[in-house]
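**Student:** Heads up: the sequence shown runs through residues 1 to 466, numbered per my numbering.
If you are wondering where the hints come from, they were derived from the structure by calculation, not from laboratory data. There's no promise every hint is true.
Listed next, with one range per pair, are the computed distances between beta-carbon atoms [claimed, not checked]:
#1 Gln282 / Asp317: 39 to 45 Å
#2 Gln282 / His152: 22 to 28 Å
#3 Ile295 / Pro75: 26 to 32 Å
#4 Asn156 / Gln310: 18 to 24 Å
All of these numbers come straight from a predicted model, not from anything done at the bench. Think of the CB as a built atom: it goes at the ideal place given N, C-alpha and C, for glycine as much as any other residue.
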Amino acid sequence: MEKSNTIFVHRIDDPGRKACQDSKIDAAISAIFHQCGYDSINADSPNWNPLGDFIKPNDKVLIKPNMVLEKSHQPGEDYYSVVTHPDIIRAVVKYVFRALDGKGTITIGDAPINSADFNRLCTNMCLLDLQKEYAEKGFIINLVDFRLLIIHKDSNGVITNLKDEHNHSDYVEIKMDSNSTLNGNEKYKRFRVTEYDHTVMKEKHNQSVHRYCFHKIALQSTVVISLPKIKTHRKAGLTCAMKNWIGLNGNKDYLPHHTKFSIAEGGDEYLYRSLRKRTISQCWEIRWRTKAKSIQKILRFIEDVLFKTQKVKPFKDPYLEGSWYGNQTLPRTICDLNRAILYADKNGNLCAEAQRKLLYLVDGIICGEGEGPMHATSKECNMILWGLNSFAIDCVVAKIMGFDAQKIYFLKLAQTIKQFPIIDFEPEDVFVSTNNDIKPVLLTNAINLPVFNFVPTSGWQGHIEH
Numbered sequence: 001m002e003k004s005n006t007i008f009v010h011r012i013d014d015p016g017r018k019a020c021q022d023s024k025i026d027a028a029i030s031a032i033f034h035q036c037g038y039d040s041i042n043a044d045s046p047n048w049n050p051l052g053d054f055i056k057p058n059d060k061v062l063i064k065p066n067m068v069l070e071k072s073h074q075p076g077e078d079y080y081s082v083v084t085h086p087d088i089i090r091a092v093v094k095y096v097f098r099a100l101d102g103k104g105t106i107t108i109g110d111a112p113i114n115s116a117d118f119n120r121l122c123t124n125m126c127l128l129d130l131q132k133e134y135a136e137k138g139f140i141i142n143l144v145d146f147r148l149l150i151i152h153k154d155s156n157g158v159i160t161n162l163k164d165e166h167n168h169s170d171y172v173e174i175k176m177d178s179n180s181t182l183n184g185n186e187k188y189k190r191f192r193v194t195e196y197d198h199t200v201m202k203e204k205h206n207q208s209v210h211r212y213c214f215h216k217i218a219l220q221s222t223v224v225i226s227l228p229k230i231k232t233h234r235k236a237g238l239t240c241a242m243k244n245w246i247g248l249n250g251n252k253d254y255l256p257h258h259t260k261f262s263i264a265e266g267g268d269e270y271l272y273r274s275l276r277k278r279t280i281s282q283c284w285e286i287r288w289r290t291k292a293k294s295i296q297k298i299l300r301f302i303e304d305v306l307f308k309t310q311k312v313k314p315f316k317d318p319y320l321e322g323s324w325y326g327n328q329t330l331p332r333t334i335c336d337l338n339r340a341i342l343y344a345d346k347n348g349n350l351c352a353e354a355q356r357k358l359l360y361l362v363d364g365i366i367c368g369e370g371e372g373p374m375h376a377t378s379k380e381c382n383m384i385l386w387g388l389n390s391f392a393i394d395c396v397v398a399k400i401m402g403f404d405a406q407k408i409y410f411l412k413l414a415q416t417i418k419q420f421p422i423i424d425f426e427p428e429d430v431f432v433s434t435n436n437d438i439k440p441v442l443l444t445n446a447i448n449l450p451v452f453n454f455v456p457t458s459g460w461q462g463h464i465e466h
């Protein structure tokens, strides 16, 4: 079996656009498993079981795609630049089912954004069709929305409904505490995530505790397969394998995304001091916490007026809500979540040894560049990646995107973690194998690895490229 620092890359010629049907994507996934040498004895027989070394009958398998939203925020853009391609999910389910030999469980789950329609998401991603197909075989595939809170907004962004979606007993707190990369940050009272109640965050991240909130299905799983999408990201630079684990957290109130105020004021929300930005941020917080629609409308009006003042006097910097290269809060959260899914037991306690197997199949077919992840522009790359380590995958993805991994803070931070580490190899020892050069070579020497030179988000331009 290959080491966790070897990443496999497979280019696809003309993958086809139709989802919910057989496509060249299925053939490419088969090819990449052949490339890995999985179950080589049975490689040419109907008994071929490429995931058999990872998955055994009676295992509980969680498949974690990137679901996000039921539509593209960008009119006219390819929907598959937003979510994991359905044909990837379909092919992975096929191989998981084969490895389980019909005995065990398969769950497909994620926590999309708080306003997403999960049923429409499952329809648009062909998951209901997939579920029906396997039900006819007598096997149940569980589709689970990991979100605790769901909101509805009108066309003006006014929150019209907020509700608890699930039973709180279905969730387990991950006890990172002193092991968190956020530990020791005296500015914990300023931790924020846009459009959530920060009073909860102060309870879950402070000077004595650092907690995350996973659906129990994730912690009860023996194998978790992550199916991330390659996209740019306003707050993190890029989103792929490491960032995809954020979707396991059911309550975003537990996820620090930025620290309030400017760098000079001890925050990373934006670069320079700004009374206008501070006011806008405060309006966001009040608007989230009030149910009064009239107050929300007034606050929205104030925000709009303050934004329009830029025509007379521009902000000293264009950054807002931590959407820029100076954000060092979200990268710490990302690293914590990677350690949580690897080391947390069923009760949310960190253990010395890995508690489950983690596998990664990356969707690099229709990717997203520009103002990702929500307003990305489609970029066709026609590739998939396979690996066993999120850090190694993201280093390879960064190079494919034309980015410098050392300029991406969560990748730099991951290299420094010694307790409950994310990597079990030297950071520079990442190898890559392609379908053109099957023998693994060091990433630094991978001259035949395609580079697509993604356009970064506006907050990262000039600060992430090679």
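**Student:** Are there hints from earlier that the structure breaks, and if so, what are their numbers?
**Tutor:** 1
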